[in-house]
Every structure is written in C-alpha cells, then in structure tokens.
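J.: Residues per chain, in single letters:
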Amino acid sequence: MRFAPTEQQEQFASNIASILEKECSAEALQLAGEEPSGRIGGLWETLSETGLMGIAIPEEFGGLGMGSSDLVFILEELGRSACSEPVAEHAAVAAPLITRWAQNETAREILEESAAGSRKLTVGSPIDERVVSVESSDLILLSKENELHAVPTKEIEHTPMTSIDPRYKTSAIEWSPTPKTLISKEPEAIEDMTNRGVLSAAAQAVGVAQKLLEMTVSYVSERKQFGKPVGTNQAVKHHCSDMAIAIEFARPLVQVASWAIDNERSPTENFTVSGEVSAAKTLASEAVELACRSALQCHGAIGYTVEHDLQIWLKRGWILASTWGDALFHRRRLGKILGLTD
Amino acid sequence: MRFAPTEQQEQFASNIASILEKECSAEALQLAGEEPSGRIGGLWETLSETGLMGIAIPEEFGGLGMGSSDLVFILEELGRSACSEPVAEHAAVAAPLITRWAQNETAREILEESAAGSRKLTVGSPIDERVVSVESSDLILLSKENELHAVPTKEIEHTPMTSIDPRYKTSAIEWSPTPKTLISKEPEAIEDMTNRGVLSAAAQAVGVAQKLLEMTVSYVSERKQFGKPVGTNQAVKHHCSDMAIAIEFARPLVQVASWAIDNERSPTENFTVSGEVSAAKTLASEAVELACRSALQCHGAIGYTVEHDLQIWLKRGWILASTWGDALFHRRRLGKILGLTD
Amino acid sequence: MDLDPTREQKDFRTEVRNWLKGNIPKETLPSMDTQEGFELHRAWEKKLFENGWSVVTWPEKYGGRDLGILEWLIFEEEYYHSGAPGRVNTNGINLLAPALFDFGSDEQKNRFLQSMASGEEIWAQGWSEPDAGSDLASIKTKAKKDGEWFVINGQKTWCSRGAWADWIFCIVRTDPDSERHQGLSYLLVPADSEGLERRPVNRLDGEPAFAEIFFDDCHVHSSNLLGREGEGWSVAMSTASNERGLNLRAPGRFTAVAERLVNLHEATEPKPDPSLTEEVVNSWVRAHAYRWQAQRTATRILEGEPLNSEPSIMKVFWSELDVELHATALRILRDRSDLITEFLNPSDETEWLMGYLFALAGPIYAGTNEIQRNIIAERVLGLPRK
Amino acid sequence: MDLDPTREQKDFRTEVRNWLKGNIPKETLPSMDTQEGFELHRAWEKKLFENGWSVVTWPEKYGGRDLGILEWLIFEEEYYHSGAPGRVNTNGINLLAPALFDFGSDEQKNRFLQSMASGEEIWAQGWSEPDAGSDLASIKTKAKKDGEWFVINGQKTWCSRGAWADWIFCIVRTDPDSERHQGLSYLLVPADSEGLERRPVNRLDGEPAFAEIFFDDCHVHSSNLLGREGEGWSVAMSTASNERGLNLRAPGRFTAVAERLVNLHEATEPKPDPSLTEEVVNSWVRAHAYRWQAQRTATRILEGEPLNSEPSIMKVFWSELDVELHATALRILRDRSDLITEFLNPSDETEWLMGYLFALAGPIYAGTNEIQRNIIAERVLGLPRK
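Protein chains in written order, with numbering that gives the first Met the number 0: chain A, 0 to 341; chain B, 0 to 341; chain C, 0 to 385; chain D, 0 to 385.
Worth flagging that the hints you see were computed from the coordinates, not collected in a lab.
One or more hints might be untrue.
When the alpha-carbon atoms are kept at most 30 Å apart in a straight line, the in silico DSSO-like pairs for lysine-lysine are as follows [unchecked claim]: (1) C:Lys270 to A:Lys227; (2) D:Lys139 to D:Lys60; (3) C:Lys270 to A:Lys335; (4) C:Lys385 to B:Lys227; (5) A:Lys143 to A:Lys335; (6) D:Lys385 to C:Lys385; (7) B:Lys223 to A:Lys335; (8) D:Lys385 to B:Lys227; (9) C:Lys270 to B:Lys335; (10) D:Lys143 to B:Lys223; (11) C:Lys270 to A:Lys223; (12) C:Lys385 to A:Lys223; (13) B:Lys143 to D:Lys143.
If the Cβ cut is set under 7 Å, some of the chain A residues that face chain B in the computed set are [stated by the list, open to error]: (14) Ser135; (15) Ser136; (16) Pro228.
Chain A stretches covered by chain C per the calculated footprint, using a threshold of three residues with CB under 8 Å from any CB of chain C [claimed, not checked]: (17) 230-244; (18) 247-261; (19) 327-341.
Fair warning: this is a prediction, and the values are worked out from it, not measured in the lab.
A virtual CB, placed ideally from N, CA and C, is assigned to each residue, including glycine.
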C-alpha cells in the first residue's frame, strides 16, 4: 500500500503542466475562443511529442505502456489548464479501449498511428450521445446496444452543437454500425468505456476546480475594498476553505478509481470498479460546481464578463460537472451498486 | 388586503407573552424538567383566566369567538416560551374541531367547560398517532378511518413514551371507537384536524426559532474569545443572519395558513388550505432545524449541557420540527397538491 | 389580518391580464443586450406607456395611474405571469426615478420622468468604478465646476444597459479634497456628450450587457445636477435603499418562474428523479413565501412603518431563490439530456440557462449577499461590529 | 500508486476480525458516562490490553505491538465494523500519550503508559476554562511552585470523562505575570488529590459526560510536570495537532456508521423516500472519501512529508460527515414513525439519536469548524489575515 504518485508519474505530469502553461495559456485560450475552430494551433502536436497520446498504448504498438493511474495526474493538469484538445478522449478513453477490446490486427493498425498522435481518436459517451471534437478527429469510438464500434469520422454525419464554451466542440451524430466497425460485443466493454470516460471527466473536473480556487485566492488577496483585501473577510475565507475541502476529498477518490480501472477490481472490500468511478465523479462534480459558484461570488462582477479569464474555467467547469453524468446520475448509479435501489 | 395583526390581536398576544415570561420562565421550565409531571403548577389556570382556552370557541358557549388568525400570534409566543401546557392542542386544535364538526348538543356540553379551561382537551395526530399530555387531559380528539372521535381519557389505555424533552409528555394509546364517541364522518373533518395540528406546530416552531435566535444574539454579543465578542466574527454574524432570514420567511406563511383555515379557502390563486398549511410547516420546520443547529454551534460547548437554558428550546425545536409531519412529509404533500406527483 | 383584495383590485387584475393577453408580442424579442433587441424593447415600452401600463404607481401627469403598492404588486404578478418582454428601462424607472421624485426640481421632473416612462429615453446606471464595487464610497471620477458646467474626468464600469442607453446617471466627486461619502454629487449625463466614450463589456454569454464609460473633459450642464452639490451620497442612498428593497425584484418575477418550473416538471417524460421533484416543491414554496413576505412588507409601507430588516433580508432571499429556481430547472433538463451544449439555440433549455447566468449576478450586485448578511446581523440583530 | 495491502496486513486484518468476533460483549454496554458503564468499559479495556489490542502502534514494552499507521487504520476499521464498545480511555491514549512520548521522561513513560493502556488508570482532559474555550491561550488557572510541589488554584471545565476518571491532564499558568501562550505548564493530576473537587456536568441527554474541576490549593508533586516549566503550550500543541489530526477520528468509525446506515435503509419497509436514498448514498460516498483521504495521509506520514492542510481539512470534514450520517438516519426513522420520542428506549432509534447528539459536538470541540476554516484559508491557502 502506497497511495501517492511515483516519481515518474509526478515527472510526466509536471512536464505536461509546463507545456500547457506555455502553449495553453489563458491568453491563448481567449484567442482560441474567437476562432471558429476553437483550437490552439500546434498544441496537439507539441503534446504528441511527449508521447502522451500513446501513454496507455502498449509498447509493442509504439506507446508507453502505462495505465489510468499514470494518466490521472495528467488529466487533472489538462483540466487545470482548460486544455482545448481532446487529449482525454484520445489517450485516456479511446486508445485504452481499443487496446483492451479490439482484435490484434485491428488494434495494431489503429494504435500505431494513435500512439504518435497522427491518427486522432475521440469517443461518444454512452450516457449522453454527444461526441467531442468530431471535426478534428479521424476515428470515433461509439456504442450501440452493447456493441463497441470504431467508426471513421468520414463515415458519420454530424451536427455541431453550440457549446457554452467555444473551445469545447460537441456534435450530435448519426451513424450505422457495420461488421467492419465492430470492436467488441462484450457488455463489459461498454461498462469499461463508460468508466474511462467518467473518470477522465472527473479528473479534469478536479483540475478545473483547483484552478478556480487558485484564481480566487489570488484575486481576493489583491483586490481591495473598504481599504483592505477582500480576502480578509471571514466569509470570503470560508468560501475558499470550502472549495479546498471539496477538492481535497474528491481528488483521492479520482486516483482510487484510476487504480481500480487499471486493476479491473476495486481496492475497497465489497465494492466495484464502477462504484469507485461513480463515487469519484459524484464528488468531483460537486467540487467543481461549488468551485464555479464560489469563485464567481468571490470575484464579484468582474468574474461575470467574457474579458476576465475566470469565465474560461467557469464554462469548462459547468460542462465537466454534467458531462458523462452529473452528480445525481452517479448517485443513482451508486444507489444500485450499493443495493439501495433496483 | 391588510397583512398585519389587528391591535386586538397584538394586545392579546402580548398579554399572553407577559404571563408566560413570568410564569413560564427558563427557571420554571428547568424545575419542571425535574418533576415527574414535567408541568409548571398553576400555569394552565393562569392562562385560562385570560380566556385563552376558549379563544376559538363561539361566544354562545362561553368562548371569545375568535379564530386561527387570532391564535397564530399567541401560538408563536407559546413556542417562544417553550410552554409546557397543551394550550395549542386544546385551544387551537381540539376546541375549534368540536366547534366546527360536532353536533350542537355534544358541542355545548364539551365546549362550555373547555372555554373555561376546566375540561382539558388534547388531540392525537392522524399523522403519527401519538397524543400529547394524556395524563392531564379529560378528553382526547382522535381519528380512525376518516372518522373523528372525542374519547374521554379514562376510556383509553396509554403508554407514556420517554420524550427527549421531559416537559413534553407523549403517549402511545389504545382505544376503540364507539357511536357515543363519534363526532363526524366527514373526511374533510380529518383534513381539518390535520391542518389545525400542523399549523399549531408550525407557529410554535417559528416561536422556538425566534427564541433560539434571541438567545444566540445575546450570547455571542457578550461571550468574549481572543479579546473580543464572538459575535464580531463574520461567520457568527452570518449564522445569525441565516436564522433571521429563515424565520422572516416562515412567519408570513404561518399567518397566511391561519387565515386560510379560518376562511376555508386559500388566498392564493389555484391553491388550497392544505397547501398553505404544508407550505408553512415546510419552512417552519426548516427554520427551526437551522436555528437549533446554528444556535448550538454559536454557543459552543455550553449549549451542549443540560444546565444551560438553550437545551430547553433545542429539544422543543427538534420535536416541533418533526411532529405533525417534518419538512419532507409536507414537501411530499405539496408535491401532490401541486400535481407534481400522484 | 385581511388577505382578500378589494373589488377594485380584482377588476384591476382582470384588466391587466386581459390587456397583456391581447398585446404581448407573439414572438420572443431578441435579447435587450443586442442593438436590435434594445430598440424592439424600447418600442414595447412605448406601447406599455401609451396604454398606461408603463409606471402604474406614478402620478398621472408623468404617465402613471397614481396607483398604490398593492396594485403594483398585482400588475407585476400579471406582467411576469403573461411572459411579457423584460423591461429595458428598469435602471431609470426603479433606480433613478425614486431619487428624481425625492430630490429633483420641478423642471427636472418634467424634463425626465415622462420621457423615461415612454421609453423615449433609456437610462444606464453609472455608479461603479474599477476600484469602487461593493465599496461605493471610494469613487474617484471627478467633476470640476466650470461656470455653468461640470467637467467630468474618470471612468465608470458595470454600467448595465450602458451600450445603447440615451442617458447615464452618475455619482462623481465634485470636491477633490473630499473622502469617502463626502463631496460627491449626482449628475445626469447625456450618453452622446462630447468627451464621453463607451466600451461595451460582454457578459459570460457574450452579450454586451454592460459598458465601461470613459470621461475625458466631458461637459455636463449644471441643470443636470440632481440634488445639491456634495449631496450625491444621500441622493444615491435614496436610490440604493430602493434598489435593495421591494421595487427591484417584484415577487411576480419569481412566482412566474416557479410556475414555469412546475410546467417544465410536468412536461418532462419520463418523470424526473424524485429528488428533483422535491427541489421543485422547495423552490416553489420559497417563491410563495417571497410573495407573502412582500405582501406583508407592502402593508407595513402603507401604514408608514419603517422598514428595518426587510430590504437586506429580501435581497438575500430573492437572489438565492432565483439561482435555486434556475439551477433546479437545469438539473431537470440535464437529467433528460445534456443541456449545457444548447446554449445559443432559442429553445426552452436556453431560456433557463440564460436565466441561470443572469441569476448568478443576483448575489453579487446591489451589495453582495455577504455584505447584506453583515447588515442584517449588525443593523437588525444588533451584533457588535468590532 | 499501490493500493493493495501486504500479505502481513491481510493476515493482521483477519486476526483482528476473528478475535473481535469471538470476544466482544454480547450485550451492548451501558453508557460509559454512567458509573456502572464506566467500570464495564474499563474492564473491556483490560481485556483488549491483555490480548494486545489496546494500543497496537505503541512499543511492545508499554503493551503495544509496535505496528505502523496502516495497521492502525486496519485495526480501527475492524474495531468499528465489529460493533465493539467505545473506548473509555481515548483522552489518555489519543490526547495525552502523544505528548508523553514526545515530552515525558523515562520515569513518566514507565509510570503512566502501561497503566493507561490497560485501563487501570483512565484519564480526563483538563484544558478548557469558562473563559478559555476556543481561545485556549487565555487560561487563568494558576499553579505556584512551593518546594517540590505545584499548588493549583482555579477552575477547569468541559473535562470529558471527568466524572469518574482517575487522572486529569491540565494546562495551568505557572508564571503569574505571563500572558497568552507564555508561562503555561502541563501537569498530570491525580483525581483524588486533596483540594480537587469535581462536579459532573450533564450533557443534553442527561448523562454526566463532562465535569467541572475546582482546584483549591491542590498540591501536585513536581514529578508530575510534563515537559519543562513554562513549556506547557508546546506540550499541549503536540497533543492538539494530534487531536485535530488523524488519530482522534479513524475513518473506520465513519465507514462503519455508513454501513449501518445502508443496513437501516435496507431494513426499512416500505422503502424510504427516494430523496433519503440519495442522502444515504451521499453520506456513504463521503465516508468512503474520508477513508481514502486518510489512506493518502497515512502514506504522507510514512514518507515523512509534512502535513499542512490535512488536520484542519479532515476535522471539518469528519465532524460534518458525522452529523450528516446521523441526521440522515434520523430522517429515515422519522419518515417511518415519530422517532423523537424514543430517546431513552434502548432501541435502534435511540442509538442513532444518541449518535446524533454526540455528533453535534464535533463541529464545536477541538477547535470550532469556523476556526478550522480560518486556518485552512490563512495557513494553507495563504489568504491575508488582516
């Protein structure tokens, strides 16, 4: 038992964090918000060079052969920087799903290019049927009636939806499964797809909440009203403490869930992988919702404008709180897992 | 439209408040808590002298011929003083029920003595089947399968329950309806019984919450820690404000509900008497629960002891929050009334 | 206690209801924070005015009906219930007008009130500055007397409706050596004045709901001084107590939203999660409580009683209720689909989301709820300040 | 990241589980705040001690097993899960012992630790005074050096277990001219000392869970001084950081209650309201989060990392979780009957109610949650103090 990142895990995450700090700055994100694509040019490629896109792809296919519990620290950084590229969908959901569920010949072809980032994967959530970043992707993992499919983007029809966050592109899609697109018929594959998607949203949500807390602490320490920093007020202090508490208790559950996915079992007696994942998303969704609300309240009117950077994380936070199932959805899922409801 | 007490209503309530202040002081209540009876000697008689016991009994039977909206201000005072006598059960529930639903000959006999307080009435809640102050009562109003009965205390068997508040005596009872005890077969009579009971609990709950707020404000203004009154801390201020807000919004609903009972209709478009009553109890229960929690938190350890007077109102508050249906019960009742559930 | 309306009040309610039924625009107007929407809302104000519905409590000579607060509550209930457009001139009608009635000269009243009521002149608020938000008294924008003129220099921010308004009411420092609440004056400034520039500021949803206003030797004639020179704080406070009080947020606004929430619940199939049903009940009950608390406050006002706790207590309550109402709707929508992406489609979902974003500003503006809770504790409950 | 226990840890868990299964009292013991219950709990402590379960992390020579924090977490999980009696000597084991290990002389350790572990000597806490609650540094109780003796005068309050304890650990002012944190000393006082009187103080439920202690020229030998004279604050803080940290509230306590809550939900017919089901899930998830947060903290401790935010953050979380767990149970019970009257009947309901009352003290003692939130904001997040 050692519940802490390894040195390698910390190192990788901090590498990615430095790249994001430079290439995915608030300034760059503001500019991306004004582009039709919503993207930051070159960011995908720079991140690909670190090997991140193949982090969970076996070494035999050119990946790094790591797992969810290596990724989880990076996913939090992706949220913390409101990264506009579908790294989570590609590296944390689609690639590991193909690795685990596809036949070897199919897998090899897809994974080798995916590991380098030259083929871009994304995923449609079995919970809400939207797909992120369709336009910039090559291959989409989709579920239909307990079947897992990998569908080339050019074979689907998609209708872009107008997201509250112009850097987070989602589409409604229409597609037909064919024998050629089929990856797996195991119902467990869809459960795995759900769990990986939920975990990646949860981990990013914690990162967003963390960023909102950091921005708020810094703002209320500087901003003066009535001759002293706003942050000297006990009510403001308690808003910040409550954010910190919510984050501190969501974070370990997210890490535990990543371990459960890697090990295909829960480390908790009488509990399941899906249970760990839903527990993590419940607290992560709650933490980021609280963080959005409190950050805005502590910033006052300035946080309410497009010009202030806060809005970037508010919008991402609202999205991550609800995507892949909100807290209510996962509380209900847990109710079933705990045997409280049918 | 004039939403305020009349001068007469204010006068009556303030009269009763002065009596209670003297005869039902915290000291007297502490002593009563050590008596097996849990009662303050002479209090019933003193209150009876004001005409209070017959306040809602028609003048032809020796009462004052007033209604719920006159009583509501007094009920709040009864809660505020944690009055240990079943005045609410007698004057606000049982007597008006007999007045409205009993045949004249039955009514006259009961009401004439009830108006003077020499016959003591109490009531069993159709919601939870307990009866308050059985031992000191003469006649108990009870419901059975949509029938309203008035049963002499000596004809029932009762088992005293051990209440958290030694001044609030409740019993489980066993009894059999007979033609002689029957008052009414109208289903509406039971609805009326419920509404009057719920309203009286709600009004007293607001009074208890008010008292808890007053005690807290006074304590935190005096008590010093770190060289200044505890009440200078913003967190303590906000606890108190939140109590005040909850009370301020529960109170008008309680008054509106009393008017609705008197007028046998709701003053709100597309709404019902039962709806007004349940709305009032929902907010009153929430207000008093919040008040208990915040008052204890602001008092610190001292509030946690039997010696400090706070406990008298904490215990009464917890009881009133749940008796005649807690907030959840009344939210569900409202859900039906609003057509949200079946 | 008498909770029945009079026959006249009943008739008035029917009259309002019928007129609105026959006259509200068939299509939802575009947002009043777009230029097109702004003008369409102005036209709607004109129509209200022409039919005597614009300012029912004002004296007849300014376009009102001389009605009381109870009738105003009825009007607002019916107005929101009908789904009529938002009022684009609330800054003028709710914030400036009370100060004009209290402090304005007859000339000023004649000059400004009727054109405000008719929507001919739409007002923006110009109080806040970058360093004067909650701490309004730290205003730095200066106005120097120069003969018959005040010459303004400085910057205002968070001017709601500022992008397209015709006039702006400002608080400025006319005594350069003064501090805090002293030496301030209240000026009414034409938005097309020379030396005045405005820069729209986009809200979260991308609409320019605010503006920044820059004054560079902007000349305003002294006839546009409201109240006396140096009396600006008192004038502002007569508005502010109004802003935080009953007038800004009529209960009809919330009971109407609560009703829409009940309808949304009803229209949702399969039935929403029972915990959401309870949230709907909870929000509905709170809107209902706000309605009756407002009625009780109206009685107090009519009987000349001083309002102590009401303004702050009501501000905290309505602003948190408003968030709760909309958050509950979003949770219901989210439970049946992924609402969050529907932001700009003119669907039912969008209205709730826009309403939610709007509601989030409630606990911030007009004195943050943290400050309101301090006020309740210190001024109403009497807790020690230090 | 490795979340699997070692083979030894698994075996240890099995051993604890089996021993408890065969040895916990068949009948629930009376409350430890009654005289009879106190002695029965003492006997249980002795049994634990004799089988090596009393203080598993202590060195063997004092009756422990020299085990680490991970094993301690396992032990506590199994202990609470089994439904074994409450520990009557937690004041000694959790609050005093850490200070004894840090500051005690070898004589003191030999004199006190083993008799504490065996329950032979049960300790009460004597820190708070009527005017020194949250503000512990304003202690007034004085002790004057007189040869080999300290002569104590003053009053302590909120001494938990104070009614029947054998010893009391106190902080007193030994330098009469000192202020605040200076000039305090830490004394170990036999409860039967001459000049010491105790008055039981009844908790809400009527049980004497606390005592007031009055010192009137009470003589305590200087060999009972823990740490140096004037060093009392440091000694207390080594205990206090412990009190607010991991040791006082092991996660097993909450996961066991969460499990009971799930069982209560299961045993309830008809099924509880769905909103209550969600509350059960919510409480369960939080207990689960507390468990893993504690595991993560344990790793930090084992790796010698400094604990920054953990103690305060955990204190706020477990104390509010504890209230929530019990409040949820009460709502379930209330929903099926009128629980509130069952206070003193030895039923399932009563246990939850007693637990609730006990839980309500959590956000108050060991530094109120308001103070903890200040600490988190100022010391961890770095917000400005003034």
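J.: Hint by hint, say whether it matches the structure.
T.: Hint check results:
{"no.": "1", "hint": "C:Lys270 to A:Lys227", "in the structure": "50 Å, violated"}
{"no.": "2", "hint": "D:Lys139 to D:Lys60", "in the structure": "38 Å, violated"}
{"no.": "3", "hint": "C:Lys270 to A:Lys335", "in the structure": "19 Å, holds"}
{"no.": "4", "hint": "C:Lys385 to B:Lys227", "in the structure": "8 Å, holds"}
{"no.": "5", "hint": "A:Lys143 to A:Lys335", "in the structure": "23 Å, holds"}
{"no.": "6", "hint": "D:Lys385 to C:Lys385", "in the structure": "13 Å, holds"}
{"no.": "7", "hint": "B:Lys223 to A:Lys335", "in the structure": "50 Å, violated"}
{"no.": "8", "hint": "D:Lys385 to B:Lys227", "in the structure": "15 Å, holds"}
{"no.": "9", "hint": "C:Lys270 to B:Lys335", "in the structure": "14 Å, holds"}
{"no.": "10", "hint": "D:Lys143 to B:Lys223", "in the structure": "27 Å, holds"}
{"no.": "11", "hint": "C:Lys270 to A:Lys223", "in the structure": "48 Å, violated"}
{"no.": "12", "hint": "C:Lys385 to A:Lys223", "in the structure": "19 Å, holds"}
{"no.": "13", "hint": "B:Lys143 to D:Lys143", "in the structure": "72 Å, violated"}
{"no.": "14", "hint": "Ser135", "in the structure": "44 Å, violated"}
{"no.": "15", "hint": "Ser136", "in the structure": "42 Å, violated"}
{"no.": "16", "hint": "Pro228", "in the structure": "14 Å, violated"}
{"no.": "17", "hint": "230-244", "in the structure": "holds (count 3)"}
{"no.": "18", "hint": "247-261", "in the structure": "violated (count 0)"}
{"no.": "19", "hint": "327-341", "in the structure": "holds (count 3)"}
Hint compliance for this structure: hints 1, 2, 7, 11, 13, 14, 15, 16 and 18 are broken, all remaining hints hold.
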